[in-house]
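Participant: One-letter residues, chain by chain:
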Amino acid sequence: MNEHFRIAQKLGLMFLPNTTIPEDISSWAIAQLHVKSPALGIKQVRWHSHKPKVLEWPQSLQPNLQKRDEMFWALKENMEKNRRNMPGFQTKADKNRNRQENLMEGLDALKFAHRNVYGEDQLRLRLNAFWANHFRTANIFDNGNHIGHVIEEGILANLNGDFSNLLYKVTSHPAMLIYLDNTYSAGPNSIEVQRAKRNGRQAGLNDNLGRELLELHTVSPTANYTEEDIKGAAKVLAGWGAEPGRVSGDKLISLAERNKEIKKRGGTLNSWDYFKSDFAEPGNKTIMGKTFGEGKGALRKLTDFLAGHEHTIKYISFKLAQHFVSDNPTQPDLDHIESAWKSSNGNLDKIHTAVIERAIASKEPKFQWPMTWLFQVIRLSGANGFKGWEEEQSDDYNENIMRTNQIFEELGQGFWLPGQPNGYSSDKSEWLSGEMFERRIRFATSLYTAGSPTQKVENIINRIGANKSTRELIDSVNGNQKKFVALMCSPELMGLKSA
Amino acid sequence: MPKINLTRRQFLKVSGASLFLAGLPLPGFTKDEPPGTISVILLEGGMDGLTAVPPFGDPNLSRMRSSLTPENYLELNSFFGLHPSFKYFSGLMAKNNASVIHATNFPYTKRSHFEGQNLMQGGGLNPFSEKTGWLGRALDLAKTPGRSMSLDMPLLLRGAHANDNFFPASIRNSGSLKTDLINMISNAHAEEGSSMFKKVSKKSTQQDSVVPRDPASLARYAGKAMAIKGGPLSSVIKVDQFDTHASQGSDEFGRHGERLTVVDDIIAGYKEGLGDAWDKSIILTLTEFGRTVKENGTWGTDHGWGSAGLLAGGAITKSRVISKWPGLAEGDLFEKRDLVSTIDYRSVCAACIENALGLDHDLIADKVFFTPSLPRIYDYIFS
Chain F
1 MNEHFRIAQK LGLMFLPNTT IPEDISSWAI AQLHVKSPAL GIKQVRWHSH KPKVLEWPQS
61 LQPNLQKRDE MFWALKENME KNRRNMPGFQ TKADKNRNRQ ENLMEGLDAL KFAHRNVYGE
121 DQLRLRLNAF WANHFRTANI FDNGNHIGHV IEEGILANLN GDFSNLLYKV TSHPAMLIYL
181 DNTYSAGPNS IEVQRAKRNG RQAGLNDNLG RELLELHTVS PTANYTEEDI KGAAKVLAGW
241 GAEPGRVSGD KLISLAERNK EIKKRGGTLN SWDYFKSDFA EPGNKTIMGK TFGEGKGALR
301 KLTDFLAGHE HTIKYISFKL AQHFVSDNPT QPDLDHIESA WKSSNGNLDK IHTAVIERAI
361 ASKEPKFQWP MTWLFQVIRL SGANGFKGWE EEQSDDYNEN IMRTNQIFEE LGQGFWLPGQ
421 PNGYSSDKSE WLSGEMFERR IRFATSLYTA GSPTQKVENI INRIGANKST RELIDSVNGN
481 QKKFVALMCS PELMGLKSA
Chain A
1001 MPKINLTRRQ FLKVSGASLF LAGLPLPGFT KDEPPGTISV ILLEGGMDGL TAVPPFGDPN
1061 LSRMRSSLTP ENYLELNSFF GLHPSFKYFS GLMAKNNASV IHATNFPYTK RSHFEGQNLM
1121 QGGGLNPFSE KTGWLGRALD LAKTPGRSMS LDMPLLLRGA HANDNFFPAS IRNSGSLKTD
1181 LINMISNAHA EEGSSMFKKV SKKSTQQDSV VPRDPASLAR YAGKAMAIKG GPLSSVIKVD
1241 QFDTHASQGS DEFGRHGERL TVVDDIIAGY KEGLGDAWDK SIILTLTEFG RTVKENGTWG
1301 TDHGWGSAGL LAGGAITKSR VISKWPGLAE GDLFEKRDLV STIDYRSVCA ACIENALGLD
1361 HDLIADKVFF TPSLPRIYDY IFS
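Chains F and A supply the protein sequences, listed in that same order. Under this note's numbering, think of the first position of the first sequence as 1, with each following residue one higher. Under this note's numbering, think of the first position of the second sequence as 1001, with each following residue one higher.
Some hints could be false.
[Stated by the list, open to error] DEER-style ranges, computed between Cβ atoms: (1) A:K1095 with F:R83: 34 to 42 Å; (2) F:K290 with A:K1367: 39 to 47 Å; (3) F:P188 with A:D1360: 47 to 55 Å; (4) F:K290 with A:R1063: 30 to 38 Å; (5) F:R84 with A:S1066: 25 to 33 Å.
[To be verified] Straight-line Cα separation of at most 30 Å, DSS-like style, residue types lysine-lysine; simulated pairs: (6) A:K1110 with F:K301; (7) F:K231 with A:K1110; (8) A:K1202 with F:K497; (9) F:K456 with F:K51; (10) A:K1178 with F:K468.
To be clear, the hints were calculated from the coordinates, so they are not data collected in a lab. Idealized CB from N, CA, C, for every residue including glycine.
Taking the hints into account, I'd like the entire structure generated from these sequences.
Facilitator: Given below as structure tokens:
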């Protein structure tokens, strides 16, 4: 590929057809860090007619966090009504309607895919995916309305600030607090635990988020922290998090009553700033030799301390380099990113710029994640790969394109699937299997047969400046469909070495 | 292209497990066939051994975990019970075709999922020290390279080059695989990509029936494949979501119990699929750690150390609970919180390899687990 497309592939999502290609690609890449794009997408995929028009996502399908929390509560309240055999909540149609009206995971996954396919901020979206994976908040229970919000409002909206701010925003977000079980965690000496003891109830600490905050999000095990440090972090976190579902035990209540109860417990309806003093651990906590006080403000102090820790800088610099530069980054790659981190006190623009510089300097191909590859080949070919937003939730959906989370499931990668908090590996050795490669063949085939690509193979290879190996591969197979699949699964477009 | 329309319910179930098969003898391979098959069920997240196989004879059990212990447990002996989710497994115990190892795990005590999972699959001496897995190395030593099946290739099976994977695809409008096209793509790639596309090419020439992706069906499919003469000698199924820090539940409807039911269904699926080959099969579970003895404040348990291992298969001819019970009193626990592992689970894995692949224990200890002094406990399990 020519230098422009090589960099667009390694760092971004490829230039859409009809995009003017910038002259100075390195400057373009760095300037991309500040390009903002609204959520663009399509309403419907119309078959055998014109290409769907790219529009801004309707505001009505992008509820704010409070609305999302209320919808999730309603979902659970309606499920309780189903359990009680109440009329209006029993048929399949009733249950589908409840999900369609109150659960965001399908639409959020589609919006994420649309942004990646149609967005004008391709490099930011790659960084967005990197950090969404670093701060993985999977969908195991009660998280269907929050993951999309943390990816967009927690991460994408905070990509130009400091890492310390990003860390705090994500750690205190309900998607993380729910996923890693912090919502009910109570300090061993908290009011809640004393109350529970008196009433013969159970309450106490849960160290899940405290552990992963240290192990996965910041310093990593190389820092040699102890179980006591993990417990200390869990104590700082105790109190954070709003109840994601029903709040009334045996009783069915109104939304107004629900909101009153939520406000009573945490003082606010804002689940992104929700601290229950009753659950908090009084007194000082020591974590890795540093003392933190009590109360809500201690979390920010803890995340700031961890964000600036030398082991955090080393660990995340390596992860960034491995994702964007090379499976086996060199010491100069790492030094360059670490030094940008240190000299800017963790400014993400500076860190990301350093990553871009090293990714451009290294000529090594970088194997692309399944989801990144899919977005890239859709953008290159102008095919329809995802449904329109009107089709995603509808019962009467377009049979030709699968629902978004099923697509991600088939790819073996997606942020709305269940999964472990360490996220997906950037090292290609984790992705090498016959089945994984078969999926690439199948998705390329399906884009050709059902996605109505607007770009011919010949146009694409000329535009990207495909290398000799890719051209020979395409020449060696007969028929437009095979040529299309061969191009998309060529070493060049997968980010692998040619024979 | 098989057209599978998954309902949401099936879709969710599907994401709970994936299957890997391995070790197909190469055509023309002349060595005597290994004596049996070995299958591993990977339990990701940390299975709670005290819920799966509760030691009712220990007076501290109910004191330490009031909301987690099932009341309708199945009795194994005067000391141990079996979780009510294990209905099928308990039947195998009664038929002398299953055993339990208790208070066991790999010698790793630092409670990280990811270090622990790396060690339980890699079998190395330190986290992330190995690029291959213990089962992959064992298959390589037994000189039975060949096919394996799934979406990704788990570390556990890496190390035998010819291992392949299988996991049924369900992608609309993707047609049938075109062997000539895949061969051309394979030729264009350097070795690492090329070797993967070669596996796709080989698969494109085979007729596969439609396989549902629920765990029991995958196990049945794996069992059938292993029962065929010249079929794979090993398979792996992964079950996730054992990491129940909150609202763990106690009975078969709880979060942990529901996962244990999946394990029970998998074992039943294997038995059905293996048919007569059951007699020479061994199935074992593997988990990165057990869970804290004491219930935490959110009706769940945190990361611990010792857990239980389940063994099933016709290779077992006498059912036992094999345990050197360390006790649950605070002074008996590791760092005052975890069940101590008194049996090195690597010895259990080694015994299963010895049984299924016919390798010598000393060779396994040295070349598979890099621990020449690893104790041999074969006779406790298979005599």
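Participant: Now look at each hint and say whether the structure bears it out.
Facilitator: Evaluation of the provided hints:
One distance hint, 34 to 42 Å for the beta-carbon pair A:K1095 and F:R83, holds here, with the actual separation near 39 Å. Between F:K290 and A:K1367 the Cβ separation comes to about 46 Å, which falls inside the hinted range of 39 to 47 Å. A beta carbon spacing of about 52 Å between F:P188 and A:D1360 agrees with the range 47 to 55 Å that was offered as a hint. Taking the beta carbon of each, F:K290 and A:R1063 are about 36 Å apart, inside 30 to 38 Å as hinted.
Distance hint for F:R84 and A:S1066: a CB-CB separation of about 28 Å, consistent with the stated range 25 to 33 Å. Between the alpha carbons of A:K1110 and F:K301 the distance comes to roughly 26 Å, so the proposed pair stays at or under 30 Å and holds. Among the hinted pairs, F:K231 with A:K1110 is consistent with the structure: their alpha-carbon atoms are about 14 Å apart, no more than 30 Å. Restraint check for A:K1202 and F:K497: the C-alpha separation of about 22 Å stays at or below 30 Å, so the hint holds.
The straight-line distance between the Cα atoms of F:K456 and F:K51 is roughly 15 Å, inside the 30 Å bound, and the hint therefore holds. A C-alpha spacing of about 23 Å is found between A:K1178 and F:K468, which places the hinted pair at or below 30 Å, so the restraint holds.
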